[in-house]
Structure formats: C-alpha cells, structure tokens
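Take the sequences, apply the hints, and build the full model.
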Amino acid sequence: MEYNFAEIEQKWQKRWIERKTYKVEVDPSRPKFYVLDMFPYPSGAGLHVGHPLGYIASDIYTRYKRLKGFNVLHPMGYDAFGLPAEQYAIQTGQHPAVTTEKNIDRYREQLDKIGFSFDWDREVRTCDPGYYHWTQWAFLKMFDSFYCNDENKALPISKLVEAFERAGTEGLNAACTREMSFTAAQWKVMSEAEKENVLQNYRLAFRADTMVNWCPGLGTVLANDEVKDGLSVRGGFPVEQKQMKQWLLRVTAYAQRMLDGLDRLEWSDSLKEIQRNWIGRSEGAQVFFGLKGLDEQLEIFTTRADTIFGVTFMVLAPEHELVGKLTAPEYKDAVENYLEEAKKRSERERMADTKRVSGQFTGGYAINPFNGKEIPIYVSDYVLSGYGTGAIMAVPAHDSRDYAFAKHFGLPIVPVVEGGDLSVGSYDAKSGTMINSEFLTGMDVREAIPAMIDEIEKRGFGSRRVNYRLRDAIFSRQRYWGEPFPIYYKDDVACPLSEDRLPLQLPPMRDFGPTADGEPPLARAKDWHTDEGYPYELSTMPGFAGSSAYYLRYMDPHNDKELVSKEADEYWRNVDLYVGGIEHATGHLMYSRFWNMFLYDIGCVCEPEPFKKLINQGMIQGRSNFVYRIKGTNKYVSVGLKDGYDTQEIHVDVNIVRNDVLDLDAFRKWMPEYADAEFVLEDGKYVCGWAIEKMSKSMYNVVNPDHIVRDYGADTLRMYEMFLGPLEQSKPWDTNGIDGVHKFLRRFWRLFFDRDGKLILTDEKPTAGELKTLHKTIRKVTEDIENFSFNTSVSAFMICLNELSNQKCAKRAVLEPLVVLIAPFAPHLAEEVWEQLGHGTSVFDARFPEYDEKYLVEDSFEYPVSFNGKMRFKKELSLSLSPKEVEAAVLADPAAGKYLEGKTPKKVVVVPGKIVNVVC
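Per this note's numbering, the sequence shown starts with residue 3, numbered consecutively.
What the hints contain is simulated information worked out from the structure, not anything from laboratory work. Think of the CB as a built atom: it goes at the ideal place given N, C-alpha and C, for glycine as much as any other residue. Treat the hints with care, as some may be off.
[What the hints assert, rightly or not] Computed spacing ranges between beta-carbons, pair by pair:
no.: 1; residue 1: Q838; residue 2: E501; range: 25 to 31 Å
no.: 2; residue 1: A891; residue 2: K687; range: 53 to 59 Å
no.: 3; residue 1: K637; residue 2: R749; range: 42 to 48 Å
[Unchecked claim] With a Cα cut of at most 30 Å, we get these calculated DSS-like pairs of lysine-lysine:
no.: 4; residue 1: K760; residue 2: K810
no.: 5; residue 1: K327; residue 2: K274
no.: 6; residue 1: K778; residue 2: K745
no.: 7; residue 1: K334; residue 2: K409
no.: 8; residue 1: K230; residue 2: K70
no.: 9; residue 1: K767; residue 2: K733
no.: 10; residue 1: K916; residue 2: K872
no.: 11; residue 1: K34; residue 2: K274
no.: 12; residue 1: K856; residue 2: K810
no.: 13; residue 1: K34; residue 2: K782
no.: 14; residue 1: K767; residue 2: K877
This is the structure:
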C-alpha cells in the first residue's frame with residue numbers, strides 16, 4: 003500500500019477533533035508552556051501559502067514541548083473587528099457580522115486542513131460581546147486610573163481627587179497632558195464639569211483635542227500606517243490632518259518602564275532597537291522664549307541647550323496652538339494657505355520626507371532669553387506637533403534640516419562649535435570647543451551642555467527634562483464595526499457606564515456609513531442612549547483594542563466573572579513563545595506591553611510583560627509566472643523563443659502552471675480574452691518565465707494552501723514551508739521544489755510498510771551504524787528545534803532516511819523513536835504509523851527521544867591521504883590505531899603504490915583523526 007496522504011490526513015484530523023487531543027486545562031502537576039501566534043484578521047481572500055509559515059513553526063514547537071512533557075497551551079482565535087468588513091458592508095449592505103462569520107468559517111476550514119494542534123475550545127473572536135466585555139472593562143479601569151510618577155504605577159483616580167482636596171496640585175508628580183496649578187480651595191469651588199475637565203488631564207484613558215488623519219471618504223480617523231501619499235491605503239481616498247476630540251490612552255506614562263523592560267525580554271536585538279527608537283528617550287531642557295508683542299511664552303524642548311546662541315529662527319508645527327496668535331495680519335493669508343496644504347500630509351510622510359523644504363514666515367518673533375535678540379518664527383511641516391512641544395529652536399550651523407531651511411529662506415547661520423565648513427553644509431557639533439556663545443565660549447561641548455542647563459534653571463528660563471518621542475495612542479475611530487465605548491454623556495461630560503451593565507453591545511443597523519454631516523454611523527442608531535436618555539459615545543474603539551490582551555483571555559476564555567481567574571493567570575502566567583511579523587513592532591507589541599503593565603499595576607495579572615520570547619518569521623514571497631504575447635496578436639510564445647519576437651510580458655495565474663509549464667486548456671478558460679489563444683511551443687510545451695515578487699492577487703502569484711494539501715498533503719506543505727529556508731528570513735515560494743519533500747515522505751513511509759501495506763519491522767538488535775544514525779539525528783533535530791532552525795531539521799531527516807535505506811534498516815528499536823521524532827513536522831503520517839505499530843494512544847502522548855552520546859563516539863575515521871601535498875585517495879581506519887599503524891596501513895594500500903612508483907617515501911606525516919601526507 004502506497005502512502006495515501008489524503009485518507010490518512012482526513013482520518014486524523016477528524017479523530018483529533020473527536021478525541022479533543024489538543025484540549026488543555028490547568029494542571030499544577032505538570033510544567034506549563036504557552037505558545038501563541040499573532041491571531042489573524044479573517045479577510046475574504048482566505049489564507050495563501052505565506053500565512054501559515056509562522057503557524058507551522060509554532061505548531062512544531064508546540065508538539066515538541068508536549069512530547070517533552072510540558073502542558074502546552076496553543077490557542078487560536080480571530081481579530082474580527084476591522085475596516086475591510088465595514089467597507090464591504092457600506093458597499094453591499096451586508097452586515098459586517100455576516101461577512102466576518104463567513105470569512106472565519108473559511109479560515110477555520112483552511113487551518114484544519116493543515117493539521118494544527120490548536121485548542122479550539124479556547125477560540126476567541128474580538129467581535130463577540132462576551133469577549134469585548136473585557137475590552138470595555140479594561141477601558142473603564144484605565145478611565146478610573148492615573149499614573150503616579152512617585153510610585154511609578156497606575157493608581158485609582160480617587161487618590162488623585164483626595165490629593166486635590168487636600169493640597170491642590172502642590173507636590174503632585176503625575177503623568178499629564180499639560181502642567182496645571184491650582185489650590186485645594188480652587189478645586190473645591192469648581193463645578194463637576196470643571197473637575198472632570200481637570201481629571202481628563204490625568205486619566206489613563208482620556209478625551210482631548212488632537213490632530214488626526216481624517217479621511218472623509220471612509221468617514222473615519224486612520225492610523226499613520228493606513229495612509230500613503232496623502233491617500234487612504236484602503237480605497238485611495240484623500241486624507242487630511244484635522245483637529246478632533248478623540249479618546250486616547252496615556253501610553254507615554256509607561257515609556258520608561260517599556261524601555262527598561264526590553265532588557266528582560268528574549269526578543270531579537272533588531273526588534274528591541276525598533277522599540278527603543280520608537281519610544282525615543284532623550285535628555286535635555288525645557289526652555290521658554292518670550293514672544294514679541296504677546297504675554298505668552300513659546301516652550302521648546304532641546305537636547306542641545308548649549309547651542310542657544312546659534313539660534314537664528316524658530317519653527318512651529320502647522321498644528322501648534324500659537325500659530326494663529328503670533329501670525330501678523332499681513333502674513334495671515336499665506337500662513338492659512340500653507341496650513342491647508344500641510345493638512346494633506348500624514349505625520350509619517352512628513353517624518354520620512356527629509357529632502358523637501360517648505361515653510362512660511364508668520365511675521366512673529368521670539369525673544370532669546372539670554373541675549374534678548376529677536377528671532378523670526380516660521381511654520382513648517384518638518385516639525386511635528388506630537389514630538390516635544392511642537393516647536394523648535396533652529397540652529398542651522400549644526401543641523402542638516404535647519405541648514406537646508408536657512409539656505410532656502412536666506413536666514414543667518416551662526417556656528418557655536420568650532421570646526422567644519424558652513425559653505426559646504428552643517429556639521430556635527432557633538433564634540434569640540436564652544437564659540438560665539440558668551441559665557442560658554444571656550445568650554446568643551448561636554449561641559450557646556452550641563453553648564454547651560456544649570457544656567458537655564460538658575461535664571462528661571464526652564465528646567466531639565468526627559469522627553470520621549472512616543473506619543474499617546476489615539477483610541478477612537480468614527481466607524482461602526484468596533485467595540486462600543488462604555489461611556490455616556492451628561493451635558494458633554496463623559497461618564498463611565500457601571501461595570502454591571504457590560505457589555506455594551508453594538509446596536510443593529512442597516513446603514514454603516516457616516517451621516518450626511520460627517521458624524522459616525524452610530525449617530526443614526528435607534529435608542530443609542532442609556533435608559534435615562536443620556537447619549538452614548540458615537541465612536542468605537544480602534545483595531546488594536548481587541549488584540550491588546552487577547553493572550554490573557556485565552557487562559558480563561560469562558561470566565562464570565564473576570565478577564566482571567568487568579569488560578570489560570572498564576573499557572574499560565576505569560577506567553578513563553580510568541581510568533582509573528584516584525585511589522586507589529588511599533589503597533590500591537592507596544593500596545594500589548596502597555597495594556598499588560600497597566601493590568602499588572604492594578605493586580606489583575608502576575609507578570610509585568612506579556613511575551614517572554616518573540617520570534618519574527620520572515621515573509622514567503624511569490625514566485626510569479628509570465629506568458630509572452632506577440633504584440634498585436636493573441637498568440638503567445640514560450641520563454642525560450644521569445645527573443646525572436648516583439649512580445650509583451652503578462653502575469654499568469656501560478657495555479658495553472660506546474661514546474662513552469664503552462665496548462666494550455668486552463669489558460670484558455672482562465673479569462674475570456676484568452677479563449678482563442680494560440681501558442682508557439684518549445685519541445686511541445688509552453689514554458690513560462692518567472693520572477694520573485696511580493697505575493698499579491700494583482701500578480702496572480704498567490705498560491706492557495708488548499709491546492710497544495712489536495713495535491714501533496716498537509717504534511718508535505720508543513721515540511722516544505724520549513725525547508726524553504728531559515729524561519730526569520732524572507733524566501734520565495736517555489737512549487738517546483740515541493741516534489742522532493744513529497745517523495746521524502748513516501749520513502750519514509752516505505753521504511754515501515756511493503757507494497758501491500760504490511761508492516762515490515764523486526765525486533766532484531768540494531769547495529770552500531772544504525773544506532774549512530776538514529777542518535778545523531780535525534781541530537782541534530784533536538785538542537786534545531788530549540789534554535790528554530792527547522793530547515794536544517796528537514797535536511798537532517800533526509801540524510802537519516804538515506805543512511806537507514808542504505809543500511810536496509812527495518813528494526814523497531816531504530817524506527818519507532820524516529821516516528822516520534824518526525825511527529826511535530828508530519829503529525830498525520832506519524833499518528834498513522836504509530837497506530838500501525840500497535841499503540842492505542844496518540845503519538846503525542848509519547849515522549850520525545852533522547853540521544854545517547856555513547857552511540858555518537860566515532861570509532862573510525864576516513865583519512866584523506868595526500869602525496870606531496872595533493873590529496874589522492876581516502877582510507878577509513880580505526881581511531882584506535884597509532885600513527886605508525888596508520889602509516890603502515892596507508893603504505894600497504896594498493897592505491898599508494900600508484901603514487902610511490904616503487905620509491906621509498908622520504909617522510910610520512912600522520913595527524914591522528916585528521917590527515918596523512920606522504921612525502922616522496
């Protein structure tokens with residue numbers, strides 16, 4: 003009987019479900035291990051072969067840890083809220099819940115076919131009210147908390163109120179949007195609305211006016227990564243910068259803790275560096291500049307206070323609140339025109355575009371606090387409102403963007419550190435001697451920086467500051483398909499819904515687009531208010547809300563009393579291995595760390611970090627195929643002949659190409675325009691061209707894993723994806739190579755069965771050579787799995803199979819452990835063989851084999867034998883032989899006579915276990 007993968011895989015997938023093979027519970031008698039994949043958004047397109055790469059890797063590791071005796075939690079669910087389903091709803095009228103349910107069913111079907119060991123009893127969906135109950139609950143807890151810098155943790159907002167009633171803001175050290183100052187007496191006479199306005203300045207979940215990427219076409223706010231070239235990535239609608247009242251999370255309060263925590267994580271250095279740069283800690287000074295003709299001051303943050311005498315202009319972000327106040331009447335129109343243009347660019351685009359110079363003089367002037375000089379103030383989009391104070395003091399002699407700006411607008415350039423040639427460009431001023439700087443002149447830069455900050459504080463011009471590039475996270479979207487906020491309003495004052503009224507569910511609706519006057523879709527929902535008639539918040543939470551703590555819910559998914567029980571949390575603790583793409587470094591991974599740290603502060607979880615070890619899988623690229631149409635015809639020429647014609651290269655669906663040979667009938671049926679296609683063939687075949695490109699529907703190079711499973715089997719797909727290359731690297735998909743892996747599995751099967759399907763194993767004692775093959779394979783595969791080097795594991799299995807085939811090994815003592823060894827990679831095949839070997843339980847109830855060093859000791863060595871430095875032949879000899887015995891054996895070999903030609907060697911050099919060199 004040949005290896006019938008289709009029958010075997012269907013059998014075991016059904017049996018795993020029936021027997022709940024992968025269901026796990028809290029079990030204090032066994033060590034735990036928690037493996038997690040970044041859960042998918044269920045898109046309508048389903049999975050392509052690139053998606054399962056990380057899932058297969060984590061599944062291999064899950065199965066391995068189970069075989070090593072661990073109680074392994076390996077859950078799966080769906081990040082089910084999202085803009086695509088809502089846009090589809092707007093276009094078709096089909097409710098997003100219907101679309102999402104259909105897409106999830108498709109994903110589940112595909113995932114099951116690949117044979118993953120997920121505990122499906124723990125499945126979560128972020129759009130399920132039973133799930134987002136706890137997202138809403140966490141939001142309420144954040145709303146009811148502030149961050150105390152003295153205790154370095156979140157505390158109940160009631161403690162802040164007590165402090166205000168006792169002493170106002172005196173002695174307060176809390177994370178806030180802006181510094182405030184009032185007495186206890188002033189606090190006590192404030193109205194409830196005024197008090198709430200103050201508390202919003204400190205709450206961890208708060209409402210404030212902020213600049214956002216507003217997309218009128220989609221009717222919602224977009225994240226920076228959802229905008230490209232001033233247009234929405236989805237739909238290509240214009241996007242503009244707009245100030246709106248939004249909900250935010252005070253992520254910045256945790257900036258230093260997130261920085262410090264990186265040192266304790268087993269993440270790649272590159273990913274840690276991405277997060278460090280994103281958090282962007284810098285030490286410097288807050289400095290206040292007076293404004294000509296105004297009572298207000300302009301606050302800036304600088305890491306180089308020592309360069310203040312080199313400031314020749316100031317620049318404000320277009321969104322800065324003082325732009326309107328300090329703009330002179332004669333410059334009003336020009337400034338307003340510039341602001342209108344700046345709205346069309348996202349912050350990310352402004353940060354990335356370092357070559358473009360633009361700006362507008364406001365007609366206003368700042369006053370240098372040290373020498374009283376007037377400094378012209380410009381507005382420019384290279385300054386961002388979210389970083390620092392949204393204003394900079396420009397020192398063009400020592401900053402490249404300031405230099406380009408000064409040159410463009412003809413502004414003075416004054417060096418304050420010696421060295422460099424300003425006719426060429428600005429120059430680095432991180433070291434050197436200060437010049438043109440009054441009392442700092444002559445000092446070394448390293449002395450001048452702290453000296454100037456001391457002077458700033460001494461004269462009352464500002465103070466020392468630590469600044470972070472990280473900004474608070476916008477936490478609301480003007481759309482329907484997301485978590486409702488558990489917030490209602492009394493006279494525009496935000497009020498929290500009581501926890502016993504959670505979850506606040508989305509209301510049924512038919513029209514999912516924004517209203518005619520631009521309000522969110524929930525504005526048209528019927529009865530969207532409390533029983534008392536107070537209106538609910540109209541925005542919904544963003545995509546990252548549901549994914550920020552899903553790993554905790556997997557621990558205890560059916561608990562309707564709390565997010566996670568103390569028992570479950572203290573057993574599973576946090577994720578031991580997290581597998582996903584590095585593109586989430588500054589989004590999901592940051593938000594999850596913040597969310598977890600907050601829950602740790604309030605005693606809900608026992609670990610300060612959510613993900614202990616993180617592996618970033620690379621991307622599987624598409625291998626595109628091309629046909630070549632002779633221009634002006636519907637005739638297509640094979641790649642080897644195309645140079646003889648004037649042709650147009652056209653992408654063709656890779657699913658109708660096999661080993662680069664086009665299925666002509668399938669091509670004619672593919673699209674109507676190809677129905678009467680003619681072909682110029684080579685050797686009777688149409689051979690396609692190919693290239694490595696991003697896997698994309700537009701390039702017709704998306705490979706459906708269902709087709710691979712149908713034609714080769716899930717175990718082949720699993721092993722082939724691992725065989726493609728190192729897990730962390732991107733690599734091209736090439737269906738041409740899959741045959742080799744499939745043949746390997748068929749040959750592996752034949753180690754155990756004859757052509758009639760009869761088991762051929764014997765109970766004979768293994769030879770030393772067979773034991774050596776087995777144990778070196780166990781050692782290699784064990785080390786590879788621990789190091790996530792799955793590609794070399796597959797190679798090791800192939801080498802092992804070749805050696806055992808050459809040894810004609812059919813011994814149970816060798817082959818039975820091999821079944822367990824390969825089980826994480828090819829679970830269906832392993833289960834079937836294991837059952838045929840007489841076992842009544844799953845192969846995953848066995849124990850992973852251990853290698854024994856005694857079988858790995860080499861007792862012989864194949865010596866390369868050289869004559870006068872040139873290697874001529876090899877001879878295998880026992881390692882127990884002395885150098886003299888090795889020499890005698892080599893010289894006695896008939897092959898040696900050919901090179902000695904009857905002469906006596908002058909010298910024979912023997913390096914035991916290395917080489918033999920005969921000098922003639």
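Which numbered hints fail: 1, 5, 8 and 9
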